[in-house]
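Peer 1: Chain by chain, the residues:
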Amino acid sequence: MRHYEARWCSCLSRCMGKSRHVHNGGAVWRRLTKSRVHSCRVVQKALETLEDGEMPKLLTEFHHNVLSCIHDQNGNHVIQKCIEVMCGKAKKAKLRGDEVQAEFLEQQINFIIDDVMNNVRSLSCHPYGCRVLQRILEHCPEAKKGLALDEIKKFHKDLLDDQFGNYVIQHVLQFGRSTDRDSLLGIILANGLLILSRQKFASNVVEKLLKYGNADQRSRVVEEMFKVRLRCLHIMARVTQNLANYFECCRGPTNVLGKSFQRIATGLPLSF
Amino acid sequence: MVRDAFANYVVQTTLDEVADPAEKHRLMEELSIHSTELVRRFSKNSLIFSGA
Numbered sequence: 001m002r003h004y005e006a007r008w009c010s011c012l013s014r015c016m017g018k019s020r021h022v023h024n025g026g027a028v029w030r031r032l033t034k035s036r037v038h039s040c041r042v043v044q045k046a047l048e049t050l051e052d053g054e055m056p057k058l059l060t061e062f063h064h065n066v067l068s069c070i071h072d073q074n075g076n077h078v079i080q081k082c083i084e085v086m087c088g089k090a091k092k093a094k095l096r097g098d099e100v101q102a103e104f105l106e107q108q109i110n111f112i113i114d115d116v117m118n119n120v121r122s123l124s125c126h127p128y129g130c131r132v133l134q135r136i137l138e139h140c141p142e143a144k145k146g147l148a149l150d151e152i153k154k155f156h157k158d159l160l161d162d163q164f165g166n167y168v169i170q171h172v173l174q175f176g177r178s179t180d181r182d183s184l185l186g187i188i189l190a191n192g193l194l195i196l197s198r199q200k201f202a203s204n205v206v207e208k209l210l211k212y213g214n215a216d217q218r219s220r221v222v223e224e225m226f227k228v229r230l231r232c233l234h235i236m237a238r239v240t241q242n243l244a245n246y247f248e249c250c251r252g253p254t255n256v257l258g259k260s261f262q263r264i265a266t267g268l269p270l271s272f
Numbered sequence: 001m002v003r004d005a006f007a008n009y010v011v012q013t014t015l016d017e018v019a020d021p022a023e024k025h026r027l028m029e030e031l032s033i034h035s036t037e038l039v040r041r042f043s044k045n046s047l048i049f050s051g052a
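Chains as they are written, first to last, in the working numbering: chain Y, 1 to 272; chain V, 1 to 52.
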């Protein structure tokens, strides 16, 4: 621990002892907003090292401040850490067979989950908010993850080609249920595989679907790919045929062009 | 799709992920149709870059 971190840690423990007016934003929260970069590191360090018993005390400091913390360039890391650490601890407790403790630890971040769940759409499109949603999908136990997935499902279509939402959708594909992948596959096929594949962000989503989808979902995408080509061929054939007919009607030197177009139109499957 | 700036990545991932040999064979056939054109393109670009 560097010296400034040590200083801040002692400060932090003093603040935690003092803070009584949690609803007004506790002392830690005030510290956090005062000198941001260093203190956010210290709080993260504290989250990593504190004992299970002391965690709830630190977490109560963030009550009623979750959204402003997420929107802050340093605070969002702290919220991410909270989710990561608490879910990790709960998982460990479960492995030890200590169900009660696991339940207790899980409940400690309920206030974060609740606030996030009420603002899924806006947070998914936010540079820091999307990270918090990603952490929830990565670390939370199945029940909570299910809640988040259901909430995100409402906005699948909007998030697909959003510059930040696409990361959330990618995580849904990686950590979500098979039904979520099915729903996204449906949306991708309905919106046109070719159109989405040519978009900067949605193309990543299509790739992830190929990567994490089951054999059936994958083959449906590939099937659609073949269809895309056939459709293109069909359109191109009609366009070149029309052009060829058009040039055929022309007299003079353009007729050479007409002939080459005719050739392209007939030999299309090989040259396109 | 092969010629698009983003869609070509999708095609690449498809080639990586598709396990069914019949499907893979079909994909390769599709790509080989484009191959002459892609080679032509590539050699043209490399000529430009090498200053020839």
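If you are wondering where the hints come from, they were derived from the structure by calculation, not from laboratory data.
Only a predicted model underlies this, so the values are computations on that prediction, with no experimental measurement involved.
Yeah, the Cβ is synthetic: ideal placement off N, Cα and C, and Gly gets one too.
Check before you lean on any hint, since a few could be wrong.
Once the Cα atoms are required to be at most 25 Å apart in a straight line, the calculated DSS-like pairs of lysine-lysine come out as [unchecked claim]:
| id | chain 1 | residue 1 | chain 2 | residue 2 |
| --- | --- | --- | --- | --- |
| 1 | Y | Lys157 | Y | Lys144 |
| 2 | Y | Lys45 | V | Lys24 |
| 3 | Y | Lys89 | Y | Lys144 |
| 4 | Y | Lys227 | Y | Lys200 |
| 5 | Y | Lys92 | V | Lys24 |
| 6 | Y | Lys200 | Y | Lys157 |
| 7 | Y | Lys92 | Y | Lys153 |
| 8 | Y | Lys154 | Y | Lys211 |
| 9 | Y | Lys208 | V | Lys24 |
Okay, the calculated bits of chain V under chain Y, using three or more residues with CB under 8 Å as the criterion [stated by the list, open to error]:
| id | segment |
| --- | --- |
| 10 | 6 to 15 |
| 11 | 21 to 34 |
Peer 1: Look at each hint and say if it fits the structure.
Peer 2: Structure-based check of all given hints:
1. Y/Lys157 / Y/Lys144: It holds: about 22 Å lies between the C-alpha atoms, which stays within 25 Å.
2. Y/Lys45 / V/Lys24: Outside the cut-off at roughly 49 Å; violated.
3. Y/Lys89 / Y/Lys144: Satisfied, since the Cα-Cα distance of roughly 15 Å is no more than 25 Å.
4. Y/Lys227 / Y/Lys200: Satisfied, since the Cα-Cα distance of roughly 22 Å is no more than 25 Å.
5. Y/Lys92 / V/Lys24: violated (43 Å)
6. Y/Lys200 / Y/Lys157: Given that 25 Å is the threshold and the Cα spacing comes to 15 Å, the pair holds.
7. Y/Lys92 / Y/Lys153: Not OK: Y/Lys92 and Y/Lys153 at ~29 Å, beyond 25 Å, violated.
8. Y/Lys154 / Y/Lys211: holds (23 Å)
9. Y/Lys208 / V/Lys24: Holds, because 18 Å separates the two Cα atoms, which is no more than 25 Å.
10. 6 to 15: holds (count 7)
11. 21 to 34: holds (count 5)
When held up to the earlier numbered hints, the structure conflicts with 2, 5 and 7 and fits the remainder.
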